[in-house]
Amino acid sequence: MSGFTISRRTMLTGPAMLLASTAMPTLGWAQTPKKGGRLVLAADSEPRNLNPAIVASNGVFFISSKIVETLAEASFDGKDGLAPRLAVSWEGAADGLSATFKLRDGVKWHDGKPFTSADVAFSALQIWKPLQNLGRTVFKDLSAVDTPDDLTAVFKFAKPTPFQLIRNALPALSSVVPKHVYEVGKIEDNPANNAPIGTGPFKFGEYKAGQYYRLTKNTDYWGKDEPYLDEIIYQVLPDRTSAAAALEAEEIQLAAFSAVPLADLDRISKVPGLKVITKGYEGLTYQLVVEINHRRKELADLKVRQAIAHAIDKDFVVKTVFLGYAATATGPVPKNDPQFYTADVPTYPFDVAKANALLDQAGYRRGADGNRFSLKLLPAPYFNETKQFGDYLRQALAAVGIDAQLVNNDSAAHIKAVYTDHAFDLAVGPPVFRGDPAIWTTILVQSGIPDGVPFSNQGGYKNPALDALIAKASETLDTAARTDLYKEFQRQVAADLPLINVAEWSFISVASDKVGNIANNPRWAVSNWADTYLAG
Amino acid sequence: MSRLRRFLHTPEAVAGAILLAVLFAMALSASLLFPGDPQAIAGPALLPPFQDWSLPLGTDRLGRDVLAELFHGARTSLAVGLAAAAAALVIGAVVGTLAGFAGGLVDEVLMRIADAFQTVPGFLLALAFVSVVGPSLGVVVAAIALGTWTGPARIARAEVLSIRERDYVAGARVIGMHPLEIAFREVLPNALPPVLAMSSVIVAAAILTEAALSFLGLGDPNRVTWGGMIAEGRTVLRTAPFLSIVPGIALVLTVLGVYLAGEGIVETTAVRRGLS
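Line by line, the protein sequences give chains A and B.
Going by numbering that gives the first Met the number 0, the first residue of the first sequence is number 0, and it counts up by one from there.
Going by numbering that gives the first Met the number 0, the first residue of the second sequence is number 0, and it counts up by one from there.
No lab work stands behind these hints, which were simulated from the structure alone.
The structure presented is a predicted model; accordingly, all values stated were derived computationally and were not measured.
Please note: incorrect hints may appear among the correct ones.
Said to hold, decoys possible - Across the chosen pairs, the derived CB separations fall in these ranges:
hint: 1; chain 1: B; residue 1: ALA24; chain 2: A; residue 2: ARG364; range: 37 to 43 Å
hint: 2; chain 1: B; residue 1: PRO55; chain 2: A; residue 2: PRO345; range: 40 to 46 Å
hint: 3; chain 1: A; residue 1: LYS461; chain 2: B; residue 2: LEU27; range: 49 to 55 Å
hint: 4; chain 1: B; residue 1: ALA127; chain 2: A; residue 2: GLY535; range: 49 to 55 Å
hint: 5; chain 1: A; residue 1: GLY451; chain 2: B; residue 2: PRO55; range: 29 to 35 Å
hint: 6; chain 1: A; residue 1: ALA299; chain 2: B; residue 2: VAL119; range: 43 to 49 Å
hint: 7; chain 1: A; residue 1: LYS486; chain 2: B; residue 2: VAL119; range: 57 to 63 Å
Note that beta-carbon positions come from the ideal geometry of N, C-alpha and C, so glycine has one too.
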């Protein structure tokens, strides 16, 4: 699968997930929005390709979602968890073979040309389906996009495709780029990939490598009176400790995506004029997962996997590694997902005695040195928390007589070791839940995936019953029946433990009190910020 | 005056020796005072020092005993420092002696190889080596030795060049000793003192390099190292600075101790040579 291009940032943040937690009231600030002003915020990476239609990842969205808009955005209180953007309404056909989008009238591209259904058709067929990291799976059966008029786009599918999946994919996967800019030359080499042209509330200003990105106000934006801000400056601050200092010195007004380390939040929340915000990331949930290589005969034994699950104190992990900014996990769908999550799955409470007993039953008795067997443990290097959990897991396994030897790698070497060479016994990974299990969750456990596909089942796990369930769910059109199948999927994964879900976490923002309308949707950091403002 | 007494009359040498003695005592007693895995979770996370006397230096982000880690870290630092220095000195002395004694093409080739190693900064070389081969204690030792053997090699060669013209070397030739035997039994022992004088600098540099590698996450992750402790503490520098400061101080004192003791030894031997 040469098509999976990997940059470090794509890995880090991964493409976004879509839907929000249950009806959560929009955060309201008492002030009335004020016009004007320049918002300066911390950016910790500099993506080379800023085209969100090709690279659907949080690192790219963080900047380009203000410039290039999607058909719909995630919402706390909208129908099906969505709020309209470039599409004003959407409907799936009962046979799952088509989906109709009515588009917004009077929208102009940043270069003045009108936005039409031809742009949507072009983006879907020429970019999302063939080029986009996530669109390749979701839109694989998209055969055509009909454009009966300028404001209607009808997606045609070769095979029945559940509309629930398409809907859930809209916020992250449906960035629309202008056909007239991209139809000339090769899409991947288009200069607009580095200086995007969109319909969003902000235009791309300039980029100085290692210094900043500047976005300027789109005075022709379709939203009434929007945007409020005149300018957004992304100040490149790769060192995490410098973001906190810059906030305190009032050099920046916002640090999103946990740019301020968790350990500093307690201190910084007491600084007058700054606030710590944990909301606005409900649609971007990361999962802390122990990946298992089932080729090891010890780990192929369910009793051993159960013992490992019992040996992990999930509450300790949440409290100590994540300092409380996380939740314990029960299975492959995070608790904050409103559509699919079920708590009705087998659970593995922390119980060292039981873990020891299970290992004894499996026939792995402690040797003279107190160890039963030795394992190679590879913690993913992308987050401090994944590394720290690796340190913890080593201790937790030592307590049940499993000697885990840590192997540290950089990002590229880790991906090669785990997903191509399978040179691991246990690995710690941070997959992202993307709002629908079919987008990138079932791939973590289903069999038959070629070697080298990152963040997929490369542990050699094969369970025909689970594979059949995944296949059935992918072609079930009825929303309720489909949801039930994914609940059954969670039960089977939790029962057979192809991997062990430990915790779920997301990001934290720290902002100046002056920044208004923060965190008012579940993907706020990667939404368009048309209503964000700076109070006087 | 005996050499020992002269050593003891040099205040910095005594200070260095005391520091080193403490360090060795820490390294040797680590398993006795803190049996078991020093990375085991011993208490609540981020406990500040001097709060709980069973954990006198507090705990790190996972609740591991900082004092236990410090003692076990002394072991790693000393082991790596001494092993890397020994390896560098042995390689350096052998290469230098061969180059100096053989002369001609052998000298040219060996010294150009040394040049090649010297043009790459030692730390960079170690960094590249460890990231390619993968971090473990042996690899770290080899990586550090790889960057430091050139110094001893050049000094040994310079000494050998002057020694090989001496009468006793000519004498050895006349009685028919094999050239290699002359090189390693007659010449090398006499060329060694100035090379050994470098050892303190090399040990100190090796300890620092190991700490720097661990700080960058290229140390052996299954072993406590001071550099690794400083790196761990860096993420909570503003809230729990002691996590970086404590191993930092240990590192400073160790390097200082090695250096002062080394200086003291050089000084005492130098005085003796000057007098004789």
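Structure versus earlier hints - violations, ascending order: 5
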